[in-house]
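There are 2 protein chains.
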Amino acid sequence: MSGTVPQPPEPISLLEGLATTRAIRRFRPDPVPDADLSTILWHATRAPSGSNSQPTRFVVLRDGPSARKAKGILARSFGEMWQSKRSDDGYDDGSGTTADSPKARLARTMDRFVDRFEETPVVVLACYRRHRAPSPIEGASVYPSCQNLLLAARALGYGGVLTVWHALVEDELREVLGMPDDIAIGATIALGRPEGRHGPVRRRPLDTVVFDDRWGAPAPWAMDPNGTRFTSGGPPREG
Amino acid sequence: MSGTVPQPPEPISLLEGLATTRAIRRFRPDPVPDADLSTILWHATRAPSGSNSQPTRFVVLRDGPSARKAKGILARSFGEMWQSKRSDDGYDDGSGTTADSPKARLARTMDRFVDRFEETPVVVLACYRRHRAPSPIEGASVYPSCQNLLLAARALGYGGVLTVWHALVEDELREVLGMPDDIAIGATIALGRPEGRHGPVRRRPLDTVVFDDRWGAPAPWAMDPNGTRFTSGGPPREG
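Quick note, the sequences are listed as chains Y and Z, same order.
Under the working numbering, the first residue of the first sequence is numbered 1, with each subsequent residue one higher.
Under the working numbering, the first residue of the second sequence is numbered 1, with each subsequent residue one higher.
Please note that a few of the clues may not be correct.
Unchecked claim - To give an idea of the interface, some chain Z residues facing chain Y are shown, with a C-beta separation under 7 Å as derived from the structure:
id : residue
1  : 45
2  : 139
3  : 211
Treat the hints as calculated values from the structure; they're not laboratory data.
Glycine residues also receive a C-beta, built at the ideal position from the N, C-alpha and C atoms.
Go ahead and model the full structure; you've got the sequences and the hints to work with.
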């Protein structure tokens, strides 16, 4: 590689982007230029919200004085969340003891992600003012923009991951970042250039998550295309 | 137009798809073929969820016996929600009294949407089992897939709208659709072929929703590209 500015990737199609955007937690240290961040956030904000109310505010944390403090607080929270998940989900048992298993590989990626969280090139907090009592449906006006953000990042050759691991330290973050008390943090999104190789998107077989006409009723027309990769436990498909 | 099968649209790029997908509430009566629905739902399910837990289940309502009942229940709820919104938000006051104003046009679209809700070609309920007390962050594992669903629909020439207007009738829907009590309905998504012309995506100016380093701090690098259309109240941008 020469020292030239990285070229933007070839445009990918909308469907290909939806199919291939996966969680990225290993980043190169390269900063994200302002113009790319602007493009990513602009596309994030094209997402829908109830009555087009656009409640989401994006706080971008890079290397500023508040960002460094906030990243430090988040690093602690992410470390604790991961240790708790590691133990609850048995990452050090069963196939987790085999260095090359998917479980062990994910554990190593998570170790690195939380250990180096403060070096994450960009952390975006997706925030919003809460006008009513907290409700599960308020996210309908917030998380679509987070997904657009990740997809736009993918279009420009970046990767990231959507988390709610700020939950333990939301009050501390509000204080360090000067947020009013009625501002909720809906998501913490880590962004950067992906480092290394990343596996495919893996999901449950489509016919286990789609029902036709009523709950639990099979949808035989819901078929995974050839080449679909499944989460462990999902049956491979013939043909 | 001949009577031939509609051809799929030319592929659009990921960024263009993100920029141009808008809420569609006027549908042609054409049914959505199984294969297209399968493609749309498959792309929906590529979206991320916490720990890749994939909690979302999609109940597809078309012309089946339960679907017809559920659409009838939803039509009533949507009608009530719209009447209440119409009055609360003053759709019949001010510029709403001028037939050609954006407000009056939106009101007509909403009238038609709720009046003909039962004819909506496809209604998808995005549901999930709730394992913990209801929380605003649970949507982080549900709404990204809803946004992917709308984007995939756009890629295939369909349009739709994400709503939470089932909220008034969730218990009735659960009963008619045979859903266990611990299943939450996160979103009701209407889908079909768009009818007529639709305006551009309009949003607030980017620099009013992006903050740099801390809450409320300007992000002068966050710039709307030329040609961006703004929600009413947003200042037009020079140059």
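**Item:** Violations among the numbered hints
**Value:** No hint contradicted; all consistent.
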